[in-house]
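Using the sequences and the hints, build the whole thing.
Protein chains: 2
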Amino acid sequence: MKISCSKSELLNGVNIALKAVPNRTTMNILECIMIIVENGSIKLISNDTEMGIETTIKGNITENGIIALDAKLFSDVIRKLPEGDISIEVKDDLTTTIKCMKLKFNLPGRSGDDFVMLPSVKKDESITISQFTLKEVIRQTIFSVSDNDSNKLMTGILFDIEDDKLKVVSLDGHRISIRNIGLRKQYNNRKLIIPGKTLGEISKILSGEVEKEVNIYYTDKHVLFEFDNTILVSRLIEGEYFQYNQMFSEKYDTKITINRKSFLESIERATLLAKEGDKKPVIIGIEDDAIEVRMNSTIGSLNEFIDVTKEGNNLQIGFNPKFLIDALRVIDDEEIKLYMMNAKAPCFIEDDEKKYTYIVLPVNFNQVR
Amino acid sequence: MKISCSKSELLNGVNIALKAVPNRTTMNILECIMIIVENGSIKLISNDTEMGIETTIKGNITENGIIALDAKLFSDVIRKLPEGDISIEVKDDLTTTIKCMKLKFNLPGRSGDDFVMLPSVKKDESITISQFTLKEVIRQTIFSVSDNDSNKLMTGILFDIEDDKLKVVSLDGHRISIRNIGLRKQYNNRKLIIPGKTLGEISKILSGEVEKEVNIYYTDKHVLFEFDNTILVSRLIEGEYFQYNQMFSEKYDTKITINRKSFLESIERATLLAKEGDKKPVIIGIEDDAIEVRMNSTIGSLNEFIDVTKEGNNLQIGFNPKFLIDALRVIDDEEIKLYMMNAKAPCFIEDDEKKYTYIVLPVNFNQVR
Numbered sequence: 000m001k002i003s004c005s006k007s008e009l010l011n012g013v014n015i016a017l018k019a020v021p022n023r024t025t026m027n028i029l030e031c032i033m034i035i036v037e038n039g040s041i042k043l044i045s046n047d048t049e050m051g052i053e054t055t056i057k058g059n060i061t062e063n064g065i066i067a068l069d070a071k072l073f074s075d076v077i078r079k080l081p082e083g084d085i086s087i088e089v090k091d092d093l094t095t096t097i098k099c100m101k102l103k104f105n106l107p108g109r110s111g112d113d114f115v116m117l118p119s120v121k122k123d124e125s126i127t128i129s130q131f132t133l134k135e136v137i138r139q140t141i142f143s144v145s146d147n148d149s150n151k152l153m154t155g156i157l158f159d160i161e162d163d164k165l166k167v168v169s170l171d172g173h174r175i176s177i178r179n180i181g182l183r184k185q186y187n188n189r190k191l192i193i194p195g196k197t198l199g200e201i202s203k204i205l206s207g208e209v210e211k212e213v214n215i216y217y218t219d220k221h222v223l224f225e226f227d228n229t230i231l232v233s234r235l236i237e238g239e240y241f242q243y244n245q246m247f248s249e250k251y252d253t254k255i256t257i258n259r260k261s262f263l264e265s266i267e268r269a270t271l272l273a274k275e276g277d278k279k280p281v282i283i284g285i286e287d288d289a290i291e292v293r294m295n296s297t298i299g300s301l302n303e304f305i306d307v308t309k310e311g312n313n314l315q316i317g318f319n320p321k322f323l324i325d326a327l328r329v330i331d332d333e334e335i336k337l338y339m340m341n342a343k344a345p346c347f348i349e350d351d352e353k354k355y356t357y358i359v360l361p362v363n364f365n366q367v368r
Numbered sequence: 000m001k002i003s004c005s006k007s008e009l010l011n012g013v014n015i016a017l018k019a020v021p022n023r024t025t026m027n028i029l030e031c032i033m034i035i036v037e038n039g040s041i042k043l044i045s046n047d048t049e050m051g052i053e054t055t056i057k058g059n060i061t062e063n064g065i066i067a068l069d070a071k072l073f074s075d076v077i078r079k080l081p082e083g084d085i086s087i088e089v090k091d092d093l094t095t096t097i098k099c100m101k102l103k104f105n106l107p108g109r110s111g112d113d114f115v116m117l118p119s120v121k122k123d124e125s126i127t128i129s130q131f132t133l134k135e136v137i138r139q140t141i142f143s144v145s146d147n148d149s150n151k152l153m154t155g156i157l158f159d160i161e162d163d164k165l166k167v168v169s170l171d172g173h174r175i176s177i178r179n180i181g182l183r184k185q186y187n188n189r190k191l192i193i194p195g196k197t198l199g200e201i202s203k204i205l206s207g208e209v210e211k212e213v214n215i216y217y218t219d220k221h222v223l224f225e226f227d228n229t230i231l232v233s234r235l236i237e238g239e240y241f242q243y244n245q246m247f248s249e250k251y252d253t254k255i256t257i258n259r260k261s262f263l264e265s266i267e268r269a270t271l272l273a274k275e276g277d278k279k280p281v282i283i284g285i286e287d288d289a290i291e292v293r294m295n296s297t298i299g300s301l302n303e304f305i306d307v308t309k310e311g312n313n314l315q316i317g318f319n320p321k322f323l324i325d326a327l328r329v330i331d332d333e334e335i336k337l338y339m340m341n342a343k344a345p346c347f348i349e350d351d352e353k354k355y356t357y358i359v360l361p362v363n364f365n366q367v368r
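Protein chains in written order, with numbering that gives the first Met the number 0: chain L, 0 to 368; chain W, 0 to 368.
Be aware that a few hints might be false.
Same chains, same names: a pair is fine if it fits in one copy or spans any two.
[As the list claims (entries may be wrong)] In silico EDC-like pairs for lysine to aspartate or glutamate, Cα to Cα no more than 20 Å straight-line:
| hint | residue 1 | residue 2 |
| --- | --- | --- |
| 1 | Lys-57 | Asp-91 |
| 2 | Lys-309 | Glu-333 |
| 3 | Lys-260 | Asp-75 |
| 4 | Lys-6 | Glu-275 |
| 5 | Lys-164 | Asp-227 |
| 6 | Lys-71 | Glu-267 |
I should point out that these hints are in silico values taken from the structure, not numbers from a laboratory. Keep in mind that this is a model prediction, so the values were computed, not measured.
Below, the structure is given as structure tokens:
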């Protein structure tokens with residue numbers, strides 16, 4: 000193998016491929032990035048067996064070939080090279096020589112015979128959305144994915160395709176995040192449960208530009224994201240997703256309209272008084288024109304009043320502050336609306352167009368101040 | 000006690016005082032910041048017994064008083080308050096109420112009777128330098144302070160005042176850093192050994208402006224830094240500092256002039272091939288118009304040529320790459336000069352005016368490539 004390319008092009012490709020290199024693995028070949036040069040293209044490939052990445056970089060090919068290089072070392076070396084043209088040449092003993100200006104690195108390579116190549120995914124069914132939309136919707140839902148493997152379905156995010164709509168849902172037993180996105184055309188109905196980890200990594204790679212698109216292909220077992228010069232393949236989580244819409248109701252007894260930033264900052268202040276691990280609720284006392292945010296712990300107490308517009312009954316209701324904070328941080332609206340029934344029923348944070356719905360279960364609290 | 004002040008003023012003061020709050024201590028009163036309001040001033044005080052800080056903030060005083068508040072909680076609370084005016088009021092039971100806009104925090108306070116107040120330091124002898132100079136000289140010498148407490152003298156930085164010159168020196172047994180600074184007037188000769196930790200913290204507080212000054216007062220036991228609205232008092236390290244100038248010599252057999260940045264980056268690349276903890280030397284092969292930077296390890300090899308101007312003999316010499324990197328990073332000159340005798344004698348990196356001298360001991364290496 001013998002190729003040359005610019006440092007920036009190679010570094011960009013390596014940084015993308017790194018996202019699917021596992022931190023720890025029993026198959027240490029997977030700690031490598033494969034470079035495959037054939038059919039006029041230079042591909043960098045990585046795979047942690049749950050998710051795999053293949054990205055194509057621009058460069059000049061003198062000789063085809065395949066080499067596997069330790070991903071961490073290779074990326075460290077490329078990052079530290081001077082700006083300029085880089086040549087990579089593999090000798091018969093798999094020693095890989097990286098030259099740039101007046102310097103030469105020799106790194107040991109491996110054949111990669113035992114590397115797990117990416118599964119091939121049929122490109123029959125797909126949807127197309129912008130990189131911006133995909134990146135945003137991941138940010139707006141990923142925080143309520145469960146990190147507890149005991150319920151596999153909760154570690155995934157549901158992509159529910161229905162006609163010209165995409166509903167993205169995550170839940171962890173205490174809260175539900177829902178985002179609704181309009182698609183540009185009609186699609187066959189289909190539910191995909193994509194691992195949260197896959198979506199977390201993909202959102203780091205996406206440039207997030209509005210004009211750039213992502214094609215999402217899917218089969219029974221796999222999903223394939225195609226964008227820029229990169230494809231990312233992931234397993235899907237199998238099973239029937241939760242019937243979360245059973246919780247929905249158009250009725251409410253208390254509705255408040257509140258400035259999102261003021262509410263968020265007040266709850267963040269309240270968390271200063273909760274010791275780590277100690278599940279002290281923040282209590283929201285809803286009165287006529289204001290709410291009182293209250294926290295009372297062994298560390299100290301906070302009482303803060305925030306002006307609101309209220310419809311319906313007064314209410315005292317307690318929440319895990321983290322769950323409110325997570326939802327409030329990913330909503331962009333200046334004013335938000337909260338719908339509640341009573342101190343034991345879920346609270347809905349929802350906009351009028353239902354572009355988003357965040358549902359948070361309240362927690363019991365001692366009514367005595 | 001009852002005071003009011005702006006959030007920014009209070010937060011700035013708290014951030015300064017935090018620098019002398021110990022992370023772990025057997026005397027938990029020292030985890031507090033003391034607020035002392037008397038004689039028309041509001042002072043924040045902290046002390047880890049090695050070093051203490053007193054900083055004065057602007058504000059309105061309604062009632063004098065003293066209170067000790069948990070430093071971490073107090074700083075977290077102040078940081079999270081909305082921008083605006085803050086009032087602090089201490090009740091008879093030491094409960095401290097912090098009000099801002101429509102919110103109220105109640106935090107438990109302590110009397111601070113058992114707090115260790117700052118030692119008083121006589122202001123007989125002092126020097127004055129700019130904040131910029133002090134901050135710079137700390138950065139340029141602190142890296143070669145030893146973090147091993149077994150030789151206390153090596154954990155300090157020598158401030159050697161002689162006539163109108165200040166020499167700042169640190170050493171750890173493998174290398175020596177020396178900076179020479181001109182003072183604006185003549186002073187009595189005096190050697191101070193200031194704990195590296197004290198200087199590290201002070202450099203975080205200094206704004207580093209050229210026009211602002213620092214007065215440094217000293218007695219036999221203590222040093223006091225006075226700048227802006229802050230004083231910082233530290234113990235001195237007692238003892239006789241090392242006779243480091245015995246190593247000096249005007250003779251050399253090899254001298255090279257080299258671009259600092261190219262040399263630094265090359266050695267940084269070489270370290271990629273050294274495993275953590277493994278003391279693999281980088282070898283510098285000095286030829287007529289170039290040096291070769293070489294590293295050869297189980298991980299891989301690097302060979303890089305850098306153009307130099309050379310006087311004297313060719314030489315092969317090995318170094319701990321970290322020691323060269325640390326020195327090269329804090330020199331601002333574009334071109335630097337290295338003076339060497341042989342592969343076993345110290346290497347001097349020195350400018351013509353001797354504003355700085357960095358001495359690095361070489362390490363043995365296997366001459367066979």
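Practice task
Have a look at Lys-260 and Asp-75 and pick one of within, between, both or neither, based on CA distance no larger than 20 Å.
Solution key: between (41 Å within a copy, 19 Å between copies)
Practice task
Pop the pair Lys-309 and Glu-333 into one bin, within, between, both or neither, using alpha-carbon distances up to 20 Å.
Solution key: This pair counts as within: shortest intra-copy Cα distance 17 Å, inter-copy 66 Å.
Exercise for the section: Measure nothing new, just compare the shortest in-copy and cross-copy C-alpha distances for Lys-57 and Asp-91 to 20 Å and report within, between, both or neither. Expected result: neither (24 Å within a copy, 73 Å between copies)
Practice task
State whether the alpha carbon distance between Lys-71 and Glu-267 is at most 20 Å within one copy, between copies, both, or neither.
Solution key: between (38 Å within a copy, 16 Å between copies)
Practice task
Indicate which option fits the pair Lys-164, Asp-227 if close means a Cα-Cα distance not exceeding 20 Å: within, between, both or neither.
Solution key: Classified as neither; 24 Å inside a copy, 61 Å across copies.
Practice task
Please work out whether the CA atoms of Lys-6 and Glu-275 approach to 20 Å or closer within one copy, between two copies, in both situations, or in neither?
Solution key: Intra 45 Å, inter 26 Å, cutoff 20 Å: neither.
Against the hints set out earlier in the document, violations occur for numbers 1, 4, 5.
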